[in-house]
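Colleague: Sequences listed follow chains Y and L, in order. The first sequence maps to residues 1 to 460 in our numbering. The second sequence maps to residues 1 to 347 in our numbering.
Just so you know, the hints here were simulated from the structure itself, not pulled from any lab data. Do not rely on the hints blindly, as some may be mistaken.
[Said to hold, decoys possible] Taking beta-carbon pairs under 8 Å as the criterion, some of the chain Y residues facing chain L (in silico):
#1 E71
#2 S78
#3 L80
#4 G81
#5 E85
#6 T100
#7 G126
[Stated by the list, open to error] Covered stretches of chain L, going by a simulated chain Y footprint (3 or more residues, C-beta under 8 Å):
#8 106 to 114
#9 329 to 338
[Said to hold, decoys possible] Far from chain Y by the CB rule (all over 12 Å, computed), these chain L residues:
#10 E28
#11 R35
#12 L153
Think of the CB as a built atom: it goes at the ideal place given N, C-alpha and C, for glycine as much as any other residue.
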Amino acid sequence: MSETVRARGSISRRLTLQLAVIAAFLALLSWGMVRSFSQQAAEQTQDNILAASATAIAEELRSEAGRIRLEIPYAAFSMLGAINEERVFYRVLSDGVTLTGYDDLPVEQGARINGGVAFDTLPYRGDDVRVAMVQRTVFASERAVRVIVAVAQTRNAVDAISARISRAAALVSVAFFVLAAVLSFWAARVSLRPLTAITQIVSRRGASDLRPFETTAPQEIAPLLTALNRFMERLSSSLDRSEDFIAEAAHRVRTPLTTVRTQAEIALHSVTKSENKEILRRVIRAVDESSRSAGQLLDHAMVSFRTDKLTRSDVDLAELLADVINTLRPTAEMKDIRICTELPSLRIKGDAILLQNALHNVLDNAIKYSPAESAITITLESRGAEAGIRVCDQGRGVDGADIGTLTQRFRRGGNVGNVVGSGLGLTIADEVVQAHGGRLELANAQNGPGTCVTLLLSLR
Amino acid sequence: MRHASLVIALSASLVALATLALAFEVEERGYFPGRADEGPQLRLIGTAELRVFAPLIESFQDIHPDIAIDYTTASSAEIFRALITERVPFDLAISSAMDLQLKLANDGFARGYSSEETARLPSWARWRDQVFGFTSEPAVVVISPQHFEGLALPRSRHELVALLREHPERFSGAVGTYDVRESGLGYLFATQEARNSDTFWRLAEVFGRLDVKLYCCSGQMIDDIANGELAMAYNVLGSYAEKHVDPESELQIIRLEDYRNVMLRTALIPTTAQDPSRAGLFLDHLLRSGNAEDFTGPRILPPLRDPVMRDTSDFGPIRLGPALLVYLDALNREAFLETWSNSVEQP
Chain Y
1 MSETVRARGS
11 ISRRLTLQLA
21 VIAAFLALLS
31 WGMVRSFSQQ
41 AAEQTQDNIL
51 AASATAIAEE
61 LRSEAGRIRL
71 EIPYAAFSML
81 GAINEERVFY
91 RVLSDGVTLT
101 GYDDLPVEQG
111 ARINGGVAFD
121 TLPYRGDDVR
131 VAMVQRTVFA
141 SERAVRVIVA
151 VAQTRNAVDA
161 ISARISRAAA
171 LVSVAFFVLA
181 AVLSFWAARV
191 SLRPLTAITQ
201 IVSRRGASDL
211 RPFETTAPQE
221 IAPLLTALNR
231 FMERLSSSLD
241 RSEDFIAEAA
251 HRVRTPLTTV
261 RTQAEIALHS
271 VTKSENKEIL
281 RRVIRAVDES
291 SRSAGQLLDH
301 AMVSFRTDKL
311 TRSDVDLAEL
321 LADVINTLRP
331 TAEMKDIRIC
341 TELPSLRIKG
351 DAILLQNALH
361 NVLDNAIKYS
371 PAESAITITL
381 ESRGAEAGIR
391 VCDQGRGVDG
401 ADIGTLTQRF
411 RRGGNVGNVV
421 GSGLGLTIAD
431 EVVQAHGGRL
441 ELANAQNGPG
451 TCVTLLLSLR
Chain L
1 MRHASLVIAL
11 SASLVALATL
21 ALAFEVEERG
31 YFPGRADEGP
41 QLRLIGTAEL
51 RVFAPLIESF
61 QDIHPDIAID
71 YTTASSAEIF
81 RALITERVPF
91 DLAISSAMDL
101 QLKLANDGFA
111 RGYSSEETAR
121 LPSWARWRDQ
131 VFGFTSEPAV
141 VVISPQHFEG
151 LALPRSRHEL
161 VALLREHPER
171 FSGAVGTYDV
181 RESGLGYLFA
191 TQEARNSDTF
201 WRLAEVFGRL
211 DVKLYCCSGQ
221 MIDDIANGEL
231 AMAYNVLGSY
241 AEKHVDPESE
251 LQIIRLEDYR
261 NVMLRTALIP
271 TTAQDPSRAG
281 LFLDHLLRSG
291 NAEDFTGPRI
301 LPPLRDPVMR
311 DTSDFGPIRL
321 GPALLVYLDA
331 LNREAFLETW
341 SNSVEQP
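Next comes chain Y alone, as it looks inside the complex:
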């Protein structure tokens, strides 16, 4: 059974992994967002101050005798120096001609900066600089002169700030991820706990316990349990029906067979022709065989039923064996078989009827396969924690190859010859012993021919 369901993957692992992947994604996302926000904030700060500086310079523009005059206010640069230690560059152009400043500072002269402040990031003197450009129109000698003021700063501080925030955010994200991963693992374990509990309940069940489960379960698992219960119910009733059917069938077959046998016996006595007698004997033997099989089928059905609902009471094995021997003694005597017994009193807990049935089958087998005028030895002994019942005959023994399979249903040894049998005897015995938590051992006799069947039953 267990090989047909191979474990593949784990819900717990998958759940943990999925949650962890989600957490990692969120951590990455938040890191990226913090990073971009901090970059933007740092850039915005620098842009604002550059714009303020450029505007302050532009405010100082004036014309004097047809010339554009400019005195850069101290504050324009001191405000730049107040927040960081960036290098500062500037350039003032009037109608495209450098008025003052760094005349190699690239300044866009398009219409983009009309009115507002335009910004640009570009390489200058081995560094990336951020440039703010402001445009103002000054009237000199009644002529409108377009003046552009550009103030630039290197961006090391911006990069440093955003790198610092980015590092901090990365640390926070990693910590968040680790925490989330641990919590996911915990959450997966906790949410699967009911499943584990139910698995334990199911696997604790006995082999033939088909009662429905009566327990509470989360709503996701309850349907599974309900389905399992329904399945077991169907299985149970199906089993019951088939056992009933077999018992009914066996019973129905056995009764007419008894009539047939009786009639055949009467006929046997009334016919004189020897060939007719022989025919009738064969009929009787066939009827016996069928009747016996039907009986064993009935027995088996009974055993199956009773092992499902095993009742344990105090049983004296010696007494039980004596009863069985007494029942079968006439059959044995018909073949002149001696039954030697050694029966000390030994008590176990068990189902007396089942045990009697099992022993009956074993002894019946022994008698059946024993040659005439032989002996059957029955010993009862305590072997540590177990009671051992050994039945040894002097029959033909069993082939080594058959030993493992003989307890299976309808399986008979390869050397049964013409002996009547259904192949159910040892099966019944084996099932009874197993239902009692014991085992059945089958072996050839140690000295001389014969088979020994040992039933081992727990003394407790």
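Use these hints to put chain L onto chain Y, whose structure you have.
Modeller: Using the frame of chain Y, we list chain L on its own:
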């Protein structure tokens, strides 16, 4: 022994000067040989006079005797020109003109340097790990007391203006200050003062009327006070006045109380430096001289955190930052010098 070698070096360097034919103007040059003839050599350029700076070089060589030092004195403007235009491979530039030093760094002519010493500097004494201040030197008024006999010494610019106006006969031709067109430090002091004090232009006006004498350097002004040619020198480096004048000459230093410029003498390693790591050693030595409590060498220049100054003045040093670029702007400079010339040079 050290002096003997210095003299030899000086004469040797005169020859070298003649052969080098540098395009920028060199005021003086000193060579301080190392222990070995073919050892490493550092080329320094600075505004400080050789006699002021030599003890610092010697105390450096006490620690690193293998390194020969070639020290050139030039004006701050010439240093700027030497490094930007001529690209002369100096290993360290030490200047009193903070604005030009800052512009050198801002325009990408300084190399970054960091060490234990630079890390110990207060943030106001460095910029971008490229410009490092190692002294803080106030601008002071130096007077010759005999010219002020019977007069109350001025404590503020107001009082100074009033005093000069009241006694033109006494001070005419006897007042000296920097020619801001020539001196980088003078220009820095003047622009900062114009920005911070409302009496600057009035003072300039008074100077003009008194036929002020203009100088390139603090040293010469002090010399002229000492030999009686000048009654007063305005905006002289206090450090020069204190340390380098003859103690027997009668000089008095007046620290005006209304406002005082404090300059940081700064050093930077130019990108043209050929031995930046040894230049760093020398830079560290400078910084230790100005900032370390346990500096054992001679304290020639006032340290960064002068305890005397802290008692008497609330004025912080001129801030190292891009604002210094403002007065270096060609238009600003032109406008400032025009106004200044009109005030000071009256017909």
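Colleague: Say whether it holds or is violated: E28(L) keeps its Cβ farther than 12 Å from all Cβ of chain Y.
Modeller: Given that every Cβ of chain Y is farther than 12 Å from that of E28(L), nearest at about 33 Å, it holds.
Colleague: In terms of Cβ atoms, is chain Y entirely out of 12 Å range of R35(L)?
Modeller: Nearest chain Y Cβ is 39 Å from R35(L), so the label holds.
Colleague: Interface hint check: E85(Y), Cβ to nearest Cβ on chain L, cutoff 8 Å. Holds or violated?
Modeller: holds, 5 Å
Colleague: Report holds or violated for the interface hint on G81(Y), using the least CB-CB distance to chain L and a cut-off of 8 Å.
Modeller: At about 3 Å, which falls below the 8 Å cut-off, the nearest Cβ of chain L leaves the hint on G81(Y) intact, so it holds.
Colleague: Taking the minimum C-beta separation from L153(L) to chain Y, is that value above 12 Å?
Modeller: holds, 32 Å
Colleague: Should the hint that E71(Y) touches chain L count as held when the rule is a Cβ pair under 8 Å?
Modeller: Status holds, d = 6 Å.
Colleague: Against chain L, run the beta carbon of L80(Y) and see if the smallest gap drops under 8 Å.
Modeller: It holds, given that the least Cβ distance between L80(Y) and chain L is near 5 Å, below 8 Å.
Colleague: Please verify that hint: T100(Y), Cβ, nearest Cβ of chain L, below 8 Å or not.
Modeller: T100(Y) check passes; min Cβ-Cβ to chain L is 5 Å, inside 8 Å.
Colleague: Are 3 or more residues of the stretch 329 to 338 of chain L near chain Y, judged by a Cβ distance of less than 8 Å?
Modeller: That given contact holds, which follows from 5 residues of the stretch 329 to 338 of chain L lying within Cβ reach (below 8 Å) of chain Y.
Colleague: A closest beta-carbon separation below 8 Å is what the hint needs, so does S78(Y) meet it against chain L?
Modeller: holds, 4 Å
Colleague: Are there three or more residues in the stretch 106 to 114 of chain L whose C-beta lies within less than 8 Å of some C-beta in chain Y?
Modeller: Holds: 3 residues of the stretch 106 to 114 of chain L have a Cβ under 8 Å from chain Y.
Colleague: Holds or violated: is the Cβ of G126(Y) closer than 8 Å to a Cβ in chain L?
Modeller: holds, 6 Å
Of the hints listed earlier, there is not a single one the structure fails to meet.
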